[in-house]
Amino acid sequence: MAASIKDVAKEAGVSIATVSRVLNDVDVVNEETKKKVQEAIKKLSYRPNIVARSLKTQKSRTIGIIIPDISNQFYPEIVRGAEDVANIYNYNIILCNTDLDPEKEKEYLRVLKEKMVDGAIYMSNSLEPETIELVKSLELPIVLVETTDKNNTFPSVTIDNEEAAFEGTEYLIKKGNKRIAYIGIHEDAVHAAAYRFSGYKQALSKNNIALNEDILYFAGLKAADGYDAVNEILKKEKIDAVFCASDELAMGAINALRENGINVPEEVDVIGFDDIYSASIFYPKLTTVGQPMYDMGSVGMRMLIKFIDKIELPQEKFVLPHQIVERDSCKK
Numbered sequence: 002m003a004a005s006i007k008d009v010a011k012e013a014g015v016s017i018a019t020v021s022r023v024l025n026d027v028d029v030v031n032e033e034t035k036k037k038v039q040e041a042i043k044k045l046s047y048r049p050n051i052v053a054r055s056l057k058t059q060k061s062r063t064i065g066i067i068i069p070d071i072s073n074q075f076y077p078e079i080v081r082g083a084e085d086v087a088n089i090y091n092y093n094i095i096l097c098n099t100d101l102d103p104e105k106e107k108e109y110l111r112v113l114k115e116k117m118v119d120g121a122i123y124m125s126n127s128l129e130p131e132t133i134e135l136v137k138s139l140e141l142p143i144v145l146v147e148t149t150d151k152n153n154t155f156p157s158v159t160i161d162n163e164e165a166a167f168e169g170t171e172y173l174i175k176k177g178n179k180r181i182a183y184i185g186i187h188e189d190a191v192h193a194a195a196y197r198f199s200g201y202k203q204a205l206s207k208n209n210i211a212l213n214e215d216i217l218y219f220a221g222l223k224a225a226d227g228y229d230a231v232n233e234i235l236k237k238e239k240i241d242a243v244f245c246a247s248d249e250l251a252m253g254a255i256n257a258l259r260e261n262g263i264n265v266p267e268e269v270d271v272i273g274f275d276d277i278y279s280a281s282i283f284y285p286k287l288t289t290v291g292q293p294m295y296d297m298g299s300v301g302m303r304m305l306i307k308f309i310d311k312i313e314l315p316q317e318k319f320v321l322p323h324q325i326v327e328r329d330s331c332k333k
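FYI, in the numbering used here the residues of the sequence shown are 2 to 333.
I should point out that these hints are in silico values taken from the structure, not numbers from a laboratory. Accuracy of the hints is not assured; some may be wrong.
[To be verified] Derived pair list, reagent style SDA-like, types lysine to any residue, alpha-carbon separation capped at 20 Å:
no., residue 1, residue 2
1, Lys107, Arg81
2, Lys179, Glu115
3, Lys239, Asn256
4, Lys7, Arg48
5, Lys179, Ala10
6, Lys11, Ser21
7, Lys37, Leu24
8, Lys175, Glu188
9, Lys175, Glu163
10, Lys151, Lys179
11, Lys116, Ile94
12, Lys332, Arg180
13, Lys37, Ala10
14, Lys60, Ile309
15, Lys332, Tyr172
16, Lys44, Arg22
17, Lys137, Glu115
18, Lys202, Phe155
19, Lys43, Gln74
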């Protein structure tokens, strides 16, 4: 039979109220008494009733993390950073994978509220107005990671996607490339990656390169999208470089170029975006725009815990640094 709080109090020789204070980290308990209680908890393998405790304290010590696609290597690294910080502050995690389905996102938000989570890290591919209104109505503390809503309604942690794509495209231009294809999400989408198209266009404009719609391909961020994109683009135009809005797109693009007898980087330079693990072991190793994925998760979680504890955030929009990671898919 599982030990009760009464058993812990009896073992430690203290009152139930004292055990409760130790469990809730109330400062009035002296160190000697606290040590006795902690030893009793360990000896009896006592685990508090989370539901009863949350009803009393109005805190479940649980945080939801909503991600769009668990198969994408970008998101697990963010989750790792968030979870490491959550563990430091004694929070548990509920992970929700939405499969890029906006309706599933909304359902998970409702479920997390029903589960009485204290807040949520939210990585979304939709962030449509009705989703934002749902979050507001649920009164659930939220921090956005990797994306922002257009009106900056919620605290967020991102990189400057527009500037990062601008630098990535300029990197290709400085290699002497002019016919630079773009593969990614359209700028009209409510998605962080959509800003990358704007950065691409700005780099072309600054360097007096006309936008060629025949070498633009708008799709998702998967390898298959990159593969299909290159095959479609090559039917219309020759290219000398490809800017891809994700590393998976870049891998698919390189495979398609190979199958069309085009060598990377000897004939076509390819740059990816994110710097996921596979980018460093793919052949050729990907040159890419690196995002600080682990830091995005850890900063987002620290922000959320402050939000939950009603501690004023030093700033509500953190923009972390990106970098060009030079490898082998672009000419030296």
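Give me the numbers of the hints this structure contradicts, sorted from smallest to largest. When the structure is compared with the hints, numbers 1, 2, 5, 8, 10, 18, 19 turn out to be violated.
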